[in-house]
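Engineer: The chain contents come next:
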Amino acid sequence: MTAADPRRVVEAVWRTESARIIAALARMVGDVGLAEELAQDVLVIALEQWPEDGVPQHPASWLMATAKHRAVDTLRRQSRYRQKLEEVGRATPDSHEPDLAADIDDYVGDDLLRLIFATCHPVLSTEARAALTLRLLGGLSTEEIARAYLTSESTVGQRITRAKRTLAEKKVPIELPPPAEAAARLASVLEVIYLIFNEGYAATAGADWARPALCDEALRLGRMVASLASQEPEVHGLVALMEFQASRMRARTAPDGSPVLLQDQDRRLWDRLLIRRGFEALARAEGTWGPYVLQASIAACHARASRAEETDWERVAALYQVLAHVSPSPVVELNRAVAVSYAESPQRALEIVDGLADSLAAYPLLAAVRGDLLARLGRPAEARAEFERAAQMTKNEGERALFRGRAAALA
Amino acid sequence: MRYLVLLKAAQPATPPPPELMDAIMKLGGEATAAGALLDTAGLLPSAAGARVSLQAGSLSVTDGPFTEAKEMISYALYQVGSKEEAVGWASKFLALHRDLWEGWEGDADVLKVMGPEDFGNAPTE
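Chains A and B, in that order, are what the protein sequence lines are. Going by our numbering, the first sequence opens with residue 1, and the numbers climb by one from there. Going by our numbering, the second sequence opens with residue 412, and the numbers climb by one from there.
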């Protein structure tokens with residue numbers, strides 16, 4: 001057994017505190033890039049001082065107080081000194097001495113929310129939003145983000161630097177969006193979180209663990225926003241959707257890395273804790289029908305079925321119908337067709353799928369669904385051709401093996 | 412990755428001070444809001460529980476209390492990005508005990524829950 005050295009203590013505290021510190025600084029200095037720089041300075045000070053002087057009694061308060069001192073110093077040096085200092089004086093506790101009350105009571109919830117609204121601001125590209133959010137709110141290093149996105153550290157570094165510059169140049173305020181913009185801005189935040197989740201969810205088994213770990217990061221960001229903006233049903237819908245999807249993580253790939261379809265998954269491998277959390281999150285959005293709530297409700301139908309045959313397909317089909325109305329897309333229609341094939345008949349589903357032939361011409365899953373429906377309708381030759389077409393179109397190795405397997409079984 | 416934090420301590424003679432319980436609730440709220448705390452609960456003294464044993468091929472059930480010097484006090488399940496982060500939450504939790512319950516001593520064992528990252532080419536930390 002070894003005692004943790006101060007450097008590791010700094011790391012431990014930093015992982016849990018950095019987002020809050022950057023958020024508080026961003027509110028004070030009004031600039032995301034400067035806030036991050038100041039926070040980095042504080043980290044360096046801690047790394048220098050703690051091994052020398054010992055770890056402070058209240059490390060988190062120490063970091064926050066030191067950070068705020070630095071921010072005040074910086075503002076003082078700037079010309080906006082007088083005006084800004086008044087704001088700071090109003091917004092922060094009088095005492096900069098670390099104390100327990102400050103450690104626990106320092107209310108930073110709104111700071112975090114302001115920060116994520118800034119890092120997910122629509123002036124930035126979706127890639128930039130994701131990278132900046134992971135960096136500043138997830139506390140991931142540039143290297144970790146690069147590994148997760150299968151790109152180079154310098155690309156991610158430039159993306160983040162440019163994003164911070166854009167926020168400054170466009171004078172994006174660090175504030176909660178005004179009521180007129182609130183819905184659209186929240187949608188942008190949720191979109192970024194779900195994109196991060198899907199980036200991780202798309203990773204294949206055996207891939208560098210940094211990629212699947214994006215799912216965890218997205219879930220944490222989602223849970224954070226859900227607790228800070230708990231009056232927004234769609235936030236709970238998104239969290240529920242991610243909890244349900246993440247619950248199937250262990251079951252969705254075979255040991256050889258090939259994907260396992262929902263109906264073939266060993267449901268004993270589903271994570272019951274995440275399913276329970278999914279239902280809890282969904283209950284908080286009860287009675288609302290936004291796109292995330294609807295998708296989560298569909299995922300809940302699957303979570304309720306302990307065997308694939310027990311799935312309430314009529315409810316799934318009905319939910320897809322509402323979803324197609326709320327947020328129309330050919331992919332939603334394709335999913336609705338699958339539900340209809342079980343709730344009504346494969347023939348009825350085939351009619352829906354055939355209506356999508358133009359809009360989803362290059363979409364491998366359209367061919368695969370069509371192949372499945374034809375096979376169930378007793379038309380093996382046509383089914384086989386569809387699976388082969390799907391195998392040719394997909395870029396995912398695991399999917400290709402799956403489609404080839406289905407085609408071969410129909411020979 | 413997930414970590415299970417088990418709090419162990421000698422059974423205290425007095426109930427915990429109410430300020431500590433308040434602070435623990437606040438910290439739990441903070442960890443939940445950070446998306447890190449998945450599940451937590453206190454555990455009753457082992458007198459309220461039992462132990463099922465298998466020895467020499469036969470099962471036996473013994474009612475608590477058990478004779479260990481320390482009892483399990485509570486558990487918490489965290490979803491975090493690193494061991495350091497789990498240690499960070501556990502340290503905050505023990506710091507509350509230090510500040511609000513004089514003389515209290517105990518351990519928080521930080522145990523990694525086996526996950527998909529523990530197979531294949533994942534880093535070991």
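Hints may contain errors.
[Stated by the list, open to error] Label-pair restraints from in silico Cβ distances:
1) Phe279/A x Pro426/B: 33 to 43 Å
2) Leu465/B x Arg267/A: 49 to 59 Å
3) Leu455/B x Asp110/A: 33 to 43 Å
4) Met432/B x Asp110/A: 21 to 31 Å
5) Ala480/B x Asn198/A: 30 to 40 Å
6) Ser485/B x Ser141/A: 46 to 56 Å
7) Arg509/B x Gln321/A: 26 to 36 Å
[To be verified] To give a feel for the contact side, a few chain A residues facing chain B, derived at Cβ under 10 Å:
8) Thr16
9) Glu36
10) Gly109
11) Arg220
12) Ala226
13) Arg376
14) Arg379
Keep in mind that the hints were calculated from the coordinates and are not lab data. In this text, a Cβ means the ideal position worked out from N, Cα and C, and glycines have one as well.
Engineer: Among the hints numbered above, which are violated by the structure, and what are their numbers in rising order?
Structural biologist: 2, 5, 6, 7, 9, 13 and 14
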